[in-house]
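Asker: One letter stands for each residue in the lines below.
Protein chains: 2
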Amino acid sequence: MAFQGCRFICVGISKPSIRPATASEGNRTNSSNPETIMLRLGAVSYLNTKPLIETLPERLGQSGELRLDLPSRLARDLAAGELDIALIPSVEYFRGGDEYEIISDAAIACRGPVWSVRVLSRVPMNKVRTLALDEGSRTSAAMSQVLLAEMHGLRPETVPFPIGSSPDEIDADALLMIGDRAMHPAPGKYQEIWDLGDRWCRWTELPFVFAMWVARRSAVADPQIRQRIEDALNVSRDEGLQQFETIAKREAAGHGLTIEDLHRYFAENLHFQLGNGERSGLAAFREKAEHLGLVPASHSPLQD
Amino acid sequence: MAFQGCRFICVGISKPSIRPATASEGNRTNSSNPETIMLRLGAVSYLNTKPLIETLPERLGQSGELRLDLPSRLARDLAAGELDIALIPSVEYFRGGDEYEIISDAAIACRGPVWSVRVLSRVPMNKVRTLALDEGSRTSAAMSQVLLAEMHGLRPETVPFPIGSSPDEIDADALLMIGDRAMHPAPGKYQEIWDLGDRWCRWTELPFVFAMWVARRSAVADPQIRQRIEDALNVSRDEGLQQFETIAKREAAGHGLTIEDLHRYFAENLHFQLGNGERSGLAAFREKAEHLGLVPASHSPLQD
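If you read the protein sequences in the order shown, they are chains W and A. Position one of the first sequence corresponds to residue 1 (full-length UniProt numbering), numbered consecutively onward. Position one of the second sequence corresponds to residue 1 (full-length UniProt numbering), numbered consecutively onward.
If you're looking for bench data, these hints aren't it; they were derived computationally from the structure. Because the structure is a prediction, the values reported are computed rather than measured. Any given hint could be a false lead.
Any copy, or any two copies together, can satisfy a pair, since identical chains are not distinguished.
[As the list claims (entries may be wrong)] In silico DSSO-like links for lysine-lysine, alpha-carbon gap of 27 Å or less:
| # | residue 1 | residue 2 |
| --- | --- | --- |
| 1 | K249 | K189 |
| 2 | K288 | K189 |
| 3 | K249 | K127 |
Full structure from sequences and hints, please.
Answerer: Next comes the structure, spelled out in structure tokens:
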């Protein structure tokens with residue numbers, strides 16, 4: 001999804017007695033109430049994220065603040081300990097190693113066509129020699145390379161497909177498009193088009209997980225705090241699922257979509273539950289991406 | 001759908017003993033077999049038509065020939081008696097009056113969102129003063145005007161939206177887009193987007209019929225001939241419905257769509273049956289379009 005601008009929602013910040021947390025505070029006990037720990041959460045506000053964060057600021061209450069930012073900054077700040085928890089793409093999770101843990105079964109996944117992640121090829125897919133990668137997503141970039149390797153034994157050369165450029169400016173056999181660009185591909189003649197969600201799910205017979213809530217292990221060591229955040233994330237997801245219609249009405253036209261398009265995207269293309277199948281899909285993706293050298297090799301188990 | 005080029009399929013023409021019919025032949029009895037009447041059928045080969053005509057040449061056998069042509073030429077040639085039967089848009093059927101009859105319950109209709117017919121508005125839909133009309137479809141043009149009148153009491157000024165032009169070249173409050181252009185609208189900020197199929201079906205609680213097989217009444221006066229053609233059209237539709245997957249595989253990438261997109265379009269967005277609900281929807285459309293002066297007033301019943 002095109003980045004929707006950078007908004008900050010600091011829950012409780014308007015109440016004079018509650019300070020937002022800062023990176024230097026270490027054990028972030030709120031000054032007005034020693035029981036309240038203010039954790040720092042981050043997420044992007046892409047279309048696919050909206051149901052997960054629609055009511056999150058309320059659900060976090062005084063337990064945490066939610067920052068909306070660019071994906072690259074979220075990954076960097078989580079790695080640097082300047083965020084405690086973030087909704088990060090799978091590939092970023094793989095890179096975090098032992099310091100990270102999945103903290104909720106709220107996630108962004110698919111069990112079939114996902115619509116917003118596509119490879120459009122000017123040659124038959126088994127002849128792709130060069131692949132232009134949408135710079136917006138390293139997870140989808142890895143996913144497309146894994147599928148070309150698995151299904152056709154291909155290791156195409158990759159070239160950038162900058163956000164502002166149109167397909168006809170790019171000299172490559174195939175193009176990876178994500179977000180708005182995939183949902184509205186420029187009409188054109190292609191030999192083959194893959195919906196990567198559909199290809200993944202049919203090839204592996206497993207769901208694909210695009211992103212999940214990941215905590216720095218040290219920030220959620222206290223079981224009570226961990227539980228409070230996990231509950232907030234899960235309840236917020238459950239409430240977001242009830243509000244597809246509202247979110248679709250608000251967001252659709254600004255993305256060039258009808259309300260029905262976006263409702264269908266939320267209700268049919270995306271799944272927001274990290275179940276056993278999703279965890280298996282995530283493990284399979286990590287293994288295949290490691291095998292191709294697209295993410296660092298890891299010897300830690302996928303999940304605790 | 002963008003016009004796919006003009007192909008002619010003349011069934012039987014390769015057999016020396018069977019001549020294709022010509023307009024001058026009057027009672028077109030085949031020279032090699034006095035029992036065989038070669039009727040002249042016409043259709044466009046837009047995406048939405050494909051399931052209806054996939055096996056039609058075989059099903060017609062020596063009873064008819066199928067010509068694929070531009071919609072404007074089909075309507076003109078049916079009116080002039082140079083075609084006997086054509087798959088024509090609803091508005092063209094309304095214009096034909098008593099000389100026309102619907103000859104099959106194979107049709108192109110929707111019972112909810114249709115995807116390929118949209119109005120994108122830069123202002124709230126109840127403030128539309130100017131409407132740019134896609135020149136490809138008079139039926140969708142009438143449909144959009146009927147809905148703006150019915151739902152918001154609006155009679156916007158209409159301006160052309162030429163096939164080759166992009167939305168940002170058009171100075172209008174709202175734009176009607178059909179076919180590939182609607183299925184891949186340029187990403188942009190709009191205030192409101194209507195899927196006209198969805199709006200029609202929710203507003204009227206009736207299906208919408210885009211096109212149907214219409215015969216010149218005089219050409220199918222013989223009950224046996226009429227039955228033979230009707231059977232061919234219906235069987236061809238039934239076979240086309242079985243072949244969604246094959247058609248989607250062949251057609252998708254050339255339209256910038258995935259196989260799943262196109263399969264869903266055939267299987268979920270479109271309906272190919274002219275049932276009682278569709279006939280009521282067609283009658284309601286005629287009445288409303290007549291009321292606005294978009295089609296000539298008619299005193300004949302909708303169907304025999």
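Asker: Which of the listed hints are broken here?
Answerer: 2
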